[in-house]
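Colleague: So the chains spell out like this:
Number of protein chains: 6
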Amino acid sequence: MSPPKPIEYREASPAVRAVFDDIKTSRKLEDVNNFWKYLANDPTTLKRTWDSVKEVMAPGALDPLTKEMIYLAVSVSNGCGYCIASHTAAARKAGMTEAMFGEVMAVTGMANETNRLANGYRVPIDPAFDR
Amino acid sequence: MSPPKPIEYREASPAVRAVFDDIKTSRKLEDVNNFWKYLANDPTTLKRTWDSVKEVMAPGALDPLTKEMIYLAVSVSNGCGYCIASHTAAARKAGMTEAMFGEVMAVTGMANETNRLANGYRVPIDPAFDR
Amino acid sequence: MSPPKPIEYREASPAVRAVFDDIKTSRKLEDVNNFWKYLANDPTTLKRTWDSVKEVMAPGALDPLTKEMIYLAVSVSNGCGYCIASHTAAARKAGMTEAMFGEVMAVTGMANETNRLANGYRVPIDPAFDR
Amino acid sequence: MSPPKPIEYREASPAVRAVFDDIKTSRKLEDVNNFWKYLANDPTTLKRTWDSVKEVMAPGALDPLTKEMIYLAVSVSNGCGYCIASHTAAARKAGMTEAMFGEVMAVTGMANETNRLANGYRVPIDPAFDR
Amino acid sequence: MSPPKPIEYREASPAVRAVFDDIKTSRKLEDVNNFWKYLANDPTTLKRTWDSVKEVMAPGALDPLTKEMIYLAVSVSNGCGYCIASHTAAARKAGMTEAMFGEVMAVTGMANETNRLANGYRVPIDPAFDR
Amino acid sequence: MSPPKPIEYREASPAVRAVFDDIKTSRKLEDVNNFWKYLANDPTTLKRTWDSVKEVMAPGALDPLTKEMIYLAVSVSNGCGYCIASHTAAARKAGMTEAMFGEVMAVTGMANETNRLANGYRVPIDPAFDR
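Protein chains in written order, with this note's numbering: chain G, 1 to 131; chain V, 1 to 131; chain P, 1 to 131; chain C, 1 to 131; chain F, 1 to 131; chain W, 1 to 131.
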C-alpha cells in the first residue's frame with residue numbers, strides 16, 4: 001500500500017544506470033533529480049521519457065531557455081508543484097532572470113484569464129485566422 | 001436565451017470605441033478581433049482586459065515573440081479553441097516559423113505528459129530546488 | 001464506430017421515460033435537453049445523475065440563481081462548450097441579467113489568472129487561513 | 001476562519017453513522033477514510049456521494065480493478081493529491097501490480113501529451129469516427 | 001536557484017508600499033496576505049493584479065459574497081491549494097455559512113461531473129440555447 | 001496565417017512515409033488518421049510520438065482494451081474533442097461494448113466530482129495510504 005519509492009543509483013539495474021549516466025552526462029549533474037529516480041520504478045517509461053525529453057529540449061529552432069520557460073508556463077497552468085519547482089530551477093540555470101520569471105508568470109496568468117473569457121463569451125474564430 | 005453577440009464599431013458606445021481605437025492603433029489592425037467585440041458587451045471588462053493585455057504583452061525582459069509562444073502553449077494546454085487560433089496567428093505575425101511552432105507544440109505536449117508522471121509517482125521536490 | 005445518439009421519448013424504455021417525465025415536470029419543459037437524451041443510453045447513469053442534479057440544484061442555503069452562476073463559472077473554467085451554453089441559458093432563466101453574466105465572467109477570468117500566479121510564485125498558505 | 005475538520009464516528013449524527021457503517025461494511029474497513037470524515041460536514045453530500053460511488057464502482061461490465069485504474073488515471077490527470085494517494089491504494093487492494101501501475105501512468109502521460117498535440121494542430125475529426 | 005521569497009512591508013519599495021497600503025485600507029487588514037507579498041517581487045504585476053481584483057470584486061450586479069463563492073468554486077475546480085484556503089477564508093468573512101460552503105462544494109462537484117459526461121457523450125448544443 | 005494542414009501520403013517525404021507505413025501495418029489500416037497527417041508537419045514529433053504510442057499501447061501487464069479505456073477517460077477529463085472521438089472508436093475496435101462505454105463515462109464523471117470535493121474540503125492524506 002506504500003507510495004512509489006525512489007530508486008538510487010547504487011541499487012539500480014544496469015538498464016536504469018545507463019539512463020541515469022546519460023542524464024548526468026548530458027545535464028552535467030552529480031546526481032539525477034527525484035523525477036528520474038521515481039520513474040526508474042518502470043525502466044521502460046524511464047528510458048522513453050528521458051529520450052523524449054532529451055530530444056524535445058535540445059536546441060533547435062528555439063533555444064533551451066525559451067523551451068524551459070514554455071515548460072514552466074505549462075506546469076504553472078496545470079498546477080504541478082514538482083514541475084513548477086524543477087522547471088523554475090532549470091529555467092534559471094538556462095539564464096532566466098528575475099524579470100523574465102515575472103513576465104512568464106504575467107503572460108501565463110493573462111492567458112489563463114482570457115482563455116476563460118473566450119470560453120464564456122463563446123467567441124467564434126475570426127475567418128482571418130483560418131486564411 | 002440567445003448567446004452573446006459581437007458589438008461592432010458602428011453600434012459601440014464612445015467608451016467601447018475608445019478601446020477599439022487603441023487596439024487598432026497599437027496592433028496596426030483595420031478592425032478588432034472577435035474576442036474584443038464580444039468582451040465589448042461589458043465595457044468595464046473590455047477596458048481592463050485590454051489594458052492588462054497591452055501591458056503584459058509589451059516588450060520587456062522577454063520579446064513579443066517569446067510571449068506569444070508562451071501564450072499559445074498555455075492556450076493549447078487549456079484546450080481553448082479560439083485562443084489557439086488567435087495566438088497561433090499572433091505568434092506567426094510576431095515571427096514564429098513552422099519549425100518554431102513545431103517545437104512549441106513538442107514542448108507543450110511533453111510538459112503535459114511529465115506533469116502527470118510527476119503527479120502519479122508523487123515525486124517529492126528535491127531539496128536542491130529550494131536552496 | 002458511430003458516436004452516441006440521443007434517445008427520444010417515443011423510443012425510450014419505461015425507466016428512461018420515468019426520468020424524462022420527472023425532468024419535464026420539475027423543470028416545466030416540453031422536452032428534455034440533449035444532455036439527458038444522450039445520458040439515456042445508460043439508464044442507470046441517467047437516473048443517478050438526474051437525482052443528484054435535482055438534489056444539488058434545489059433551493060437551500062443558496063438560491064437557484066446563485067447555484068446556476070457557480071455551475072456556469074465552473075463550466076467556463078473547464079471549457080465545456082455544451083455546459084457553457086446550457087448553464088448560461090439556465091442561469092438566465094433563473095434571473096441572471098446581462099450585468100450579472102458580465103460579472104460572473106470577470107470573476108471566473110480573474111480566479112483563473114490568480115490561481116496560476118499563486119501556483120507559479122509557490123505562495124505558502126497564510127497561518128491565519130488555518131486558524 | 002478555520003478549515004474543514006473531520007467528523008469522527010463517536011461525534012457523528014445517526015444519519016452520518018448510518019453512512020459510515022455502510023462504507024465500513026461494504027469496504028470491509030475498520031474505519032472510513034478521511035474523505036468521508038470531511039464530507040460528513042454536509043450529511044446530504046456525504047450520503048449522495050457514497051450512494052453514487054457505491055453504484056458506480058460496483059462490478060458490472062467492468063471489473064472493480066479496471067474501474068479503480070480509470071479513477072486513478074483521471075485523478076492523476078487532474079492533479080488531485082488526495083485522490084491519487086487513495087485510489088492508488090484502492091487499486092492495489094483490488095489487484096493492481098507494480099507493472100500495471102507503471103502502465104496506467106504511461107498511458108495517462110501519453111494521453112495528456114497527445115491531447116495537447118491534437119489541440120495545438122487543430123486536428124479535425126476523421127469522418128470515419130462518426131460513421 | 002531559490003524559490004520566490006515574500007517581500008515584507010519594511011523592505012518594500014515606495015511603489016510596493018503604496019499597493020500594500022491600499023490593500024490594507026480597502027480590506028481593513030493589518031497586514032497583506034502572502035499572495036501579495038510574493039507578487040511584490042514584480043511590482044508591475046502586483047499593481048495590475050490588485051487594481052484588477054479590486055475592480056472585479058467590488059459590489060456591482062453581484063454582491064461580494066456571491067463573487068467570493070464563485071472565486072472559491074473556480075479555485076476548487078482548478079485545484080489551487082493556496083486559493084482554496086484564501087478564498088474559503090474570504091467567503092466566510094463575507095458571510096458564507098457552513099451550509100453555504102457545503103452547497104458551493106456540491107454544485108462545484110456536480111458541475112465537474114456533468115462537464116465530463118457532456119464531453120464523453122459528445123452532446124450537441126440544443127438549438128433552443130442559441131435562440 | 002493559415003492553420004496547420006494535413007500531409008497526405010502522396011506528398012509526404014520518405015521519413016514521413018516510413019512512419020505512415022508502420023502505422024498502417026501495425027494498426028491494419030488503409031490510411032492513417034488525421035492526427036498523424038497533421039503531426040507530419042513536424043517529422044521529428046511524428047516519429048517520436050508514434051514510437052511512444054506504439055510502445056505504450058502494446059499489450060503488457062494491461063490488455064489493449066483497458067489501455068484504450070484509460071486513454072478515453074483521460075481525454076474526456078481533459079475535454080479534447082478529437083481524442084474523445086478517436087479513442088472512443090479505438091476502444092470500440094478493441095472490444096468496448098456500449099455497457100463498458102457507459103461505465104467508463106460514469107467512473108470518469110465520478111472521479112472528476114470527488115477530485116473537487118477532496119480539493120474543496122482540503123482532505124489530508126490518510127497515514128494508511130503512505131504505509
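Honestly, I wouldn't trust all of these hints.
What the hints assert, rightly or not - With a cut-off of at most 25 Å between alpha-carbon atoms, the simulated DSS-like pairs for lysine-lysine come out as follows: (1) K5(V) - K47(P); (2) K93(C) - K54(P); (3) K93(C) - K5(G); (4) K24(P) - K5(P); (5) K47(P) - K5(C); (6) K5(P) - K93(W); (7) K54(F) - K54(V); (8) K47(C) - K54(P); (9) K5(W) - K47(W); (10) K47(C) - K47(P); (11) K47(W) - K47(G); (12) K54(F) - K5(C); (13) K54(F) - K93(G); (14) K54(G) - K47(W).
Just so you know, the hints here were simulated from the structure itself, not pulled from any lab data.
Colleague: None of the hints should be skipped; say for each whether it holds.
Modeller: A quick look at each hint next to the structure:
1. K5(V) - K47(P): Violated, because 36 Å separates the two Cα atoms, which is more than 25 Å.
2. K93(C) - K54(P): violated (34 Å)
3. K93(C) - K5(G): Holds, because 18 Å separates the two Cα atoms, which is no more than 25 Å.
4. K24(P) - K5(P): holds (20 Å)
5. K47(P) - K5(C): violated (32 Å)
6. K5(P) - K93(W): The given pair, whose Cα atoms are some 18 Å apart, holds under the 25 Å limit.
7. K54(F) - K54(V): holds (19 Å)
8. K47(C) - K54(P): With a Cα-Cα distance of about 15 Å, the restraint between K47(C) and K54(P) holds, given a limit of 25 Å.
9. K5(W) - K47(W): holds (18 Å)
10. K47(C) - K47(P): Status holds; Cα separation ~16 Å.
11. K47(W) - K47(G): Roughly 16 Å separates the two Cα atoms, so the pair holds.
12. K54(F) - K5(C): Measuring from Cα to Cα gives roughly 31 Å; hence the hint is violated.
13. K54(F) - K93(G): violated (36 Å)
14. K54(G) - K47(W): Judged against 25 Å, a Cα distance of about 15 Å means the pair holds.
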